[in-house]
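J.: As a plain string of letters, each chain reads:
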Amino acid sequence: MSYGILSFGAYVPSLRLDRKAVFEAVGWATPNLRGLASGERSVANWDEDAITMAVEAGLDCLANTEFSVPHICMASTTFPFSDRSNSGLVADALNLQRSIATEDFGGSRRAGTSALSRALSNSESTLMIASDCREAQPGSVQEMNYGHGSACVLLGEGKPIAEFLSSSSEHEDLIDQYRANGIEYDYSLEERWVREEGWLKIAPDAMQGAASKAGIELSDIDHFVVHGNGGAVAAVCKKLGLERSRFSDDLKATCGDTGAAHAFLMLSHVLSNAGAGETIMLVGFGQGVDALIIKTTNHLSTARQGRGPERFMARRRATNNYTFYLSLRERLSLDFGLRAERDNRTSLSAFYRRRRDINSMLGGRCSNCDALQYPRSIICVSCGTSNSQVEESLSGLTGRVKSFTEDWLAYTPSPPYIYGNIEFDGGANVMLEFTDFEPGSLSTGDEVRLAFRVKDRDEKRKFHRYFWKPAPLTRL
Amino acid sequence: MASGIRDKVAIIGMGCTRFGERWDCGPEELMIEAFSEALTDSGVSRDQIEMAWLGLFFQEQSAGKSGLPLSMALRLPNIPVTRVENMCATGTEALRGAVYAVAAGACDIAMAVGVEKLKDTGYPGLPERSKGTFDDLWLPNATAPGAFAQLASAYQAKHGCDSIDLKRAMAHISVKSHDNGLLNPKAHLRRAITEEQAMNAPMIAAPLGLYDCCGVSDGAACAIVTSVEKAKEMGIKDMITVKAMQLAPSNGFEMSTTDWDGSYLQTTRIAAARAYKEAGITDPIKQLDMTEVHDCFSVTELVVMEDLGLCEEGGAIKAVLDGKFDKDGEVPCQIDGGLKCFGHPIGASGLRMAYEIYLQLQGKAGERQLENPSMGLTHNLGGHPFRNVASVSVLGLHSA
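Sequences listed follow chains A and B, in order. Per this note's numbering, the first sequence starts with residue 12, numbered consecutively. Per this note's numbering, the second sequence starts with residue 784, numbered consecutively.
Keep in mind the hints are simulated off the structure, nothing from the lab. Be aware that a few hints might be false.
Using 25 Å as the maximum straight-line C-alpha spacing, the simulated DMTMM-like pairs for lysine to aspartate or glutamate come out as follows [what the hints assert, rightly or not]:
(1) 848(B) to 352(A)
(2) 902(B) to 352(A)
(3) 902(B) to 354(A)
(4) 471(A) to 843(B)
(5) 1107(B) to 1042(B)
(6) 914(B) to 354(A)
(7) 249(A) to 208(A)
(8) 914(B) to 470(A)
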């Protein structure tokens, strides 16, 4: 038993927007975007946000692990709630123990790397998730460059896949971009200034500092995971005289910049390919720099089990429909008719009574007849015994589609509204709303997994309610 | 030992409005229209009616809660009026209340009125509604067509039938109901359609297209009932009596266990078995001369034919395509056009079905009159296949 990174995970939404399609739609007004119009970016579905993506990364990280998580941290610049524990909801969805400490970190794109630096320095046991779902103004550089995603690492005592060597942080109030409270979009300054005055003057010191603390040379480091735009990273690489090949893929071509999640996402990408005994430097940038060095162990290859962004990268739904993207992300208000006017007020006292049923998908297994049912009930649906049900989560179960429909009458931000009866391993049947399925792609008997998603948006009170939805299966 | 309701209560008067988009009428006008016809038909005076039941589903959309809308509209003399609501079985529930009151001897003459004013909601289809504070947190915001469409996917998976055959049988059901509705002056939709139109209509909830869905209508219906003894005293000839009235709500079996395969209606099977027993029916195909079933969607009618034992399990596609339930078939179904074309003002629908059987048994059904029917069945399904309330009633000539 020793301390370090025990596991990792990542998530990238399946929807990918073709950047050429963006340019074709807005290039008449913003011809300067032509140079960015290649590859694709990830786009969160209408029912995804930083919380739901954090849950996905957490599930990826915790699958087939035995570790009891005492502490959860979530880093984001796009928390769905400013006053409601975002990490707490993630902990519930991950069905973690109730005696858990929860912390939300924000305020900077490097909120995640800063929190990770502190946790590793203090040998804290924690599940550290970074997730970001930044919106961008239509026709902006950010719209081209940004993507949505999440990633995480699990820290604690066990069989580490990577050990912590050192970290170094610098603070400089260089405002390369900012987003004031209550404002939807980032305001960015000229890249050349940020590169010359920011990256080239601030990053090398922190990177050297971390290497010195670890007692190694920068040239000894196998992988540089640097969250920044390509030009700045190349300039830093050149200034430090390092090999460009040691700088990991910034995932720009396939995913885009996922903000506070991106350093973690790139790290998980490296971890899903790295060998044992390799050193990795992780660099987060934004009003300063965090630089951390870790070293992989020979547990990495056995603990990996297909974790990381690759399987989500492979499961992609490409779109070149720019207005579809705009509408999903609420950048364009389409007329969805009277059915979209439904009042989705949530009774929070009713929710509180059944919060674990909803957040953790807790059903009940009858201790008399073994029937699993959702939702739990006082009287067993199969044998009629009272108060016999033991809590059991369905969230990790594989289900099969028993019946379904594609409903063009019901309101959903992404028609058609697909829902149906799912039979789960372990013997429960639940009628559920599906997500991430293309029309025409489903058949009865198909296997599905459950994904934690926004169920309904209450536009009047700006409250999202969350629940579990069958989604296409992606196996570890 | 209870003996059931068979032949204890007679229906002595019925009325039904024209169903449809009654833009010029509110619930008050509709209730009075149905009531006036029923009262005239019964030959009793309004002061002889001692108790009333009102069936209304979307109270928030039209007339409001309680029995007051009926009492106020008809200016009833402060007699008891009970409002009942059991989703699409609401109209039959109103009738059941009146029938049981008479059977219990609580009164001599009772009345049931069902009404629904759907076209003031501003919706095509049924309006959105909360499912309850907890269910809203997890159940899909399903529409009726979406919920019933799943009967088709599950039926197809279970019986391995071809999707085109299933769609054609569904189309046959709709074409048949349109043909029947054409002959009914009170029907909402009075025009013939072709199988091609039905099969190629815009998709509402796959595989249900526009013509697989019933009309959303305004309307009201009314029944006046009394005991068989009282009816005899009144000298009523060719008396029409209630043979059975059964109700079966879900208890979670369908939605919470893996024992239900989604291809049939569990509650309908239970209610039908009880109703057949109560009515003394041992061979429904031979003994029933007609059925008015809950054809909210074509596929519902298809599986209900099996659930009522009118064809063998897995055999509905063939039976439908063979014309077994057409107006000249072995057991005609929806001779009045059904929910599909007569229309579906929810609170009135169960009473509308009874109205058609009442007319047919008396030989008063005009152009669509069947040859000497003596017994008919009504069936409602409130809710969705995975969680619903089924009602099955049998009405017949007293002599039958």
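J.: Next, verify each hint and record whether it holds.
T.: Against the structure, the hints come out as follows:
{"no.": "1", "hint": "848(B) to 352(A)", "in the structure": "23 Å, holds"}
{"no.": "2", "hint": "902(B) to 352(A)", "in the structure": "17 Å, holds"}
{"no.": "3", "hint": "902(B) to 354(A)", "in the structure": "20 Å, holds"}
{"no.": "4", "hint": "471(A) to 843(B)", "in the structure": "21 Å, holds"}
{"no.": "5", "hint": "1107(B) to 1042(B)", "in the structure": "30 Å, violated"}
{"no.": "6", "hint": "914(B) to 354(A)", "in the structure": "12 Å, holds"}
{"no.": "7", "hint": "249(A) to 208(A)", "in the structure": "16 Å, holds"}
{"no.": "8", "hint": "914(B) to 470(A)", "in the structure": "19 Å, holds"}
Violated hint for the displayed structure: number 5, the only one.
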